[in-house]
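Engineer: Single-letter residue listing:
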Amino acid sequence: MTNAERSAAAEPILELRDLGVTFTTETGEVPAVRGVTLQVRPGETLALVGESGSGKSTVALASIGLLPGNARATGGASVDGEDVVGATESDLARLRGSTVSMVFQEPATALDPLTRVGAQIAEVITNHRDVPAKEAAAAAVDLLRRVGIPDPERRASAFPFELSGGQRQRVVIAMAIANDPKVLIADEPTTALDVTVQAEILDLLRDLTVGSGTAVLLVTHNMGVVADFADRVAVMLKGEIVETGTVEDVLLRPTHDYTKRLLAAVPRLTVAEQGSERAGVQESPAPPEPVVDLRDVSVLFGRGSRAVRALDGVSLVVRPGETVGLVGESGSGKSTAARVALGLITPSEGAVHLFGADLHKTRRRDRRAMRSGIGVVLQDPVASLDARMTVAECIAEPLRVHRGRMSARERASRVGEILERVRLPRSFAQRAPRELSGGQRQRVSLARALVLDPRLLVADEPTSALDVSVQETVLEVITELQDELGFACLFVSHDLAVVQQFAERVVVMRLGRIEEQGSTRTTLMHPETDYTSRLLAAVPVADPVRQRQRRAQRLAAAAGGSDAVA
Amino acid sequence: MSAVLQPGQAPGTGASTETDPETAGVTGLRLAVRRFTRNRLAVIGLVVVVLFFLFCFVGPFLYSTDQTHTLLHQVNLAPSGSHLLGTDAVGHDELGRLMFGGKVSLLVGLAAGVLATVIGTLWGAAAGYAGGWVDATMMRVVDAGIAIPALFILLVISAISNPGVSGLIVIIGFVSWLVPSRLIRAETLTLKNRDYVLTLRAIGGGHTRAIGRHILPNSISTIVVAATFQVADAILLVAYVSYLGLGAQPPATDWGGMLSAGLTAAYSGRWWLILPPGLAIILVVCAFNAIGDGLRDAFDVRGRG
Chain D
1 MTNAERSAAA EPILELRDLG VTFTTETGEV PAVRGVTLQV RPGETLALVG
51 ESGSGKSTVA LASIGLLPGN ARATGGASVD GEDVVGATES DLARLRGSTV
101 SMVFQEPATA LDPLTRVGAQ IAEVITNHRD VPAKEAAAAA VDLLRRVGIP
151 DPERRASAFP FELSGGQRQR VVIAMAIAND PKVLIADEPT TALDVTVQAE
201 ILDLLRDLTV GSGTAVLLVT HNMGVVADFA DRVAVMLKGE IVETGTVEDV
251 LLRPTHDYTK RLLAAVPRLT VAEQGSERAG VQESPAPPEP VVDLRDVSVL
301 FGRGSRAVRA LDGVSLVVRP GETVGLVGES GSGKSTAARV ALGLITPSEG
351 AVHLFGADLH KTRRRDRRAM RSGIGVVLQD PVASLDARMT VAECIAEPLR
401 VHRGRMSARE RASRVGEILE RVRLPRSFAQ RAPRELSGGQ RQRVSLARAL
451 VLDPRLLVAD EPTSALDVSV QETVLEVITE LQDELGFACL FVSHDLAVVQ
501 QFAERVVVMR LGRIEEQGST RTTLMHPETD YTSRLLAAVP VADPVRQRQR
551 RAQRLAAAAG GSDAVA
Chain B
1 MSAVLQPGQA PGTGASTETD PETAGVTGLR LAVRRFTRNR LAVIGLVVVV
51 LFFLFCFVGP FLYSTDQTHT LLHQVNLAPS GSHLLGTDAV GHDELGRLMF
101 GGKVSLLVGL AAGVLATVIG TLWGAAAGYA GGWVDATMMR VVDAGIAIPA
151 LFILLVISAI SNPGVSGLIV IIGFVSWLVP SRLIRAETLT LKNRDYVLTL
201 RAIGGGHTRA IGRHILPNSI STIVVAATFQ VADAILLVAY VSYLGLGAQP
251 PATDWGGMLS AGLTAAYSGR WWLILPPGLA IILVVCAFNA IGDGLRDAFD
301 VRGRG
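Which chain is which? The protein sequence lines are D and B, in order.
For the first sequence, the numbering used here gives the first residue as 1, with consecutive numbering after it.
For the second sequence, the numbering used here gives the first residue as 1, with consecutive numbering after it.
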């Protein structure tokens with residue numbers, strides 16, 4: 001009855017036999033994929049999961065013959081019986097876009113910014129079918145309607161920049177399905193999108209493929225997306241497939257150690273069972289004076305009528321020793337709020353109090369001293385550390401700024417000490433950041449943030465660029481040090497599950513305003529506002545059975561809320 | 001980096017490999033040297049420049065000639081065993097003169113190129129880092145400067161003041177810093193928003209530290225590439241000015257001045273007064289440009305202008 005069963009009998013439409021890919025780089029040959037054998041049957045969705053560097057994207061690119069010039073493929077890959085690995089460019093061009101097509105991760109770069117979206121879709125059609133331009137244009141409008149773009153006739157003549165990220169990804173999907181492909185390859189199709197948009201895009205992909213018998217090869221690192229969308233799963237590790245099976249088997253009863261570890265590291269969003277009541281709110285009796293206090297802060301970017309209100313009357317406090325999670329989708333102003341707290345952005349209205357003093361009314365010298373009480377960890381592990389410095393120099397920088405009289409030896413011993421605190425060997429001090437992995441770099445950033453024993457740590461998406469297993473260690477280190485050192489933490493994240501695990505209080509932001517705030521347990525279990533509920537409902541959980549129920553509930557709620565969802 | 005391994009992935013997800021086998025063990029400098037040496041033309045350029053420097057600065061010790069007095073007994077001699085490149089209209093040995101004049105050309109070119117780059121770097125870094133109206137004002141000054149041809153300014157100033165070697169260096173340095181300042185400003189604009197600069201500012205680090213410790217060291221590759229092209233341009237500018245008789249004054253000379261002096265002789269078939277300095281200018285300028293190209297590949301920075 002299900003697709004998986006129906007398609008089990010059919011011949012595989014995408015078949016990889018002992019596929020290997022080797023890259024020739026300046027530093028030698030790098031094998032990226034080894035001995036990958038897998039099959040996808042019509043109507044089936046196979047998820048290829050793994051951490052970064054596992055080779056999953058390379059497999060996807062090899063299946064459509066889009067490997068970069070320095071890659072060499074061995075073994076076999078065939079789509080609908082036609083071999084891809086040895087195929088000529090003209091054969092591949094015929095296959096691509098008609099028999100097999102691809103949805104890329106970043107819709108902003110997958111579309112040509114200078115061509116109207118209707119024309120871009122029509123081009124895919126005329127590339128493969130001999131139809132008059134007028135007919136192709138009409139077909140493009142039709143496709144836009146199918147992918148759920150409102151007012152498709154008008155939108156067809158829009159440029160990509162006039163569309164939102166989610167709409168752009170819908171256009172990319174429209175291009176991919178323009179010629180009714182038999183195989184759709186989706187490489188992290190929702191990774192660049194907000195979680196509510198991700199849910200809509202996954203719904204769309206499901207609607208488009210289930211009925212038509214299209215096979216889907218879904219590449220993702222997100223187990224929630226896998227649970228939501230896939231029939232079968234193949235787990236990749238270091239270029240090889242370590243486990244294959246149905247989505248229930250792999251996600252609920254994994255057999256390979258690596259899969260077990262991977263799944264254990266996925267932060268789980270605990271959700272209230274339906275019907276359970278909201279617990280009574282208990283506020284601690286006499287709250288201590290906050291370390292940071294934003295009072296009715298507004299931030300305007302730009303001037304005059306073109307000014308953008310990035311923050312609008314935001315008030316929030318972080319008290320000593322507590323962790324406050326700041327969550328929201330992109331453009332919600334959560335990073336702006338964190339930067340206001342850091343004093344990097346001066347608010348247009350409102351006041352910022354840091355350790356009890358008004359940040360913008362104190363004298364310059366005092367302000368500098370106040371800032372020695374703050375530690376900062378930002379998102380990008382590469383850009384956070386100056387590549388021209390050693391690890392020791394990076395960590396010692398706050399000491400040079402605020403403890404100018406410290407001797408070189410004292411500095412070195414402090415650096416060694418803090419390195420051990422973040423669970424890195426002292427010998428790392430003389431390494432270059434480039435030699436370190438992403439997780440190690442973020443721990444160096446953390447060491448730099450904590451080297452002055454700050455009272456407040458501001459962490460802006462510190463683990464978003466990391467794999468789940470690495471994210472787990474970094475979060476563990478932060479928690480451990482917070483217990484030891486007692487600093488307060490303002491933790492900005494888009495990941496509700498991480499915030500739920502990590503923060504005691506949560507502030508939900510939307511479009512520059514605070515939607516609601518409260519203790520993590522009550523707010524994320526029994527949200528008061530409709531927005532937070534929708535946000536929570538859109539998070540896919542890594543359990544296919546429960547995710548199916550959640551999806552049904554979410555769709556029912558959306559249908560109940562009638563045409564509120566545009 | 002891992003971008004090579006994961007062509008479809010965003011840098012965010014690609015950056016988190018626990019081990020990075022590709023870059024481990026190979027330092028940036030060694031990689032840069034390897035990229036540079038792969039560019040054959042750049043290596044040839046480097047060899048040419050080194051040879052010219054040896055020729056002009058060490059050569060006179062091995063092949064000493066009188067370049068100050070007028071030697072009427074040996075004017076306009078064709079190349080022979082005693083004068084390999086012949087002599088000019090006042091009896092100076094042409095090979096010796098090539099060394100003598102080359103000193104001025106190379107010295108002025110190098111110093112003026114470096115001076116222009118230093119001024120441009122400081123100006124561009126300050127403008128880019130300050131941002132806002134300061135940046136706007138400073139860059140409009142640059143735009144205005146670029147609108148006036150550097151050669152024109154140079155000629156006017158030289159005509160008025162009749163500069164010596166150090167004067168030429170200063171004038172050329174001050175008319176040709178505009179292009180490097182634009183390059184460095186662009187570089188600064190991206191660097192000042194890097195997370196490590198933001199982090200430094202958030203914990204109270206000063207602007208001097210941000211520029212001196214982070215922004216300038218990280219734009220060093222752009223600066224070096226810009227400097228190489230500036231040196232080539234400066235050598236050409238000196239040649240122009242001296243050719244028009246406004247540069248080094250006799251008995252001092254440079255390659256441009258030699259060309260100018262030999263011009264009348266060209267019609268009487270004394271090619272040895274024209275070809276050697278002309279070729280020297282062409283070779284050195286091309287060599288510096290080739291080195292610049294090679295450095296650009298090695299450091300992987302964007303092009304000029």
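Don't take every hint at face value.
[Unchecked claim] Simulated restraints, written as ranges between beta carbons of each label pair: (1) D:Gln430 / B:Gln249: 53 to 63 Å; (2) D:Pro68 / B:Ile160: 55 to 65 Å; (3) B:Arg30 / D:Glu417: 26 to 36 Å; (4) B:Gly132 / D:Thr529: 31 to 41 Å; (5) D:Gly302 / B:Ala144: 42 to 52 Å; (6) D:Glu516 / B:Thr190: 51 to 61 Å; (7) B:Leu51 / D:Arg423: 54 to 64 Å; (8) D:Pro68 / B:Ala144: 56 to 66 Å; (9) B:Gly206 / D:Arg423: 41 to 51 Å; (10) D:Gly302 / B:Arg30: 41 to 51 Å; (11) D:Phe159 / B:Gly132: 50 to 60 Å.
Honestly, the hints are just simulated from the structure, not real lab data.
C-beta: ideal position from N, C-alpha, C; glycine also.
Engineer: All hints, please: hold or fail.
Structural biologist: Taking the hints in turn, this is what the structure says about them:
no. : hint                            : result
1   : D:Gln430 / B:Gln249: 53 to 63 Å : holds (56 Å)
2   : D:Pro68 / B:Ile160: 55 to 65 Å  : holds (58 Å)
3   : B:Arg30 / D:Glu417: 26 to 36 Å  : holds (33 Å)
4   : B:Gly132 / D:Thr529: 31 to 41 Å : holds (38 Å)
5   : D:Gly302 / B:Ala144: 42 to 52 Å : violated (27 Å)
6   : D:Glu516 / B:Thr190: 51 to 61 Å : violated (37 Å)
7   : B:Leu51 / D:Arg423: 54 to 64 Å  : holds (55 Å)
8   : D:Pro68 / B:Ala144: 56 to 66 Å  : violated (45 Å)
9   : B:Gly206 / D:Arg423: 41 to 51 Å : violated (32 Å)
10  : D:Gly302 / B:Arg30: 41 to 51 Å  : holds (46 Å)
11  : D:Phe159 / B:Gly132: 50 to 60 Å : violated (30 Å)
Going down the numbered hints, you'll see the structure goes against 5, 6, 8, 9, 11, while the others check out.
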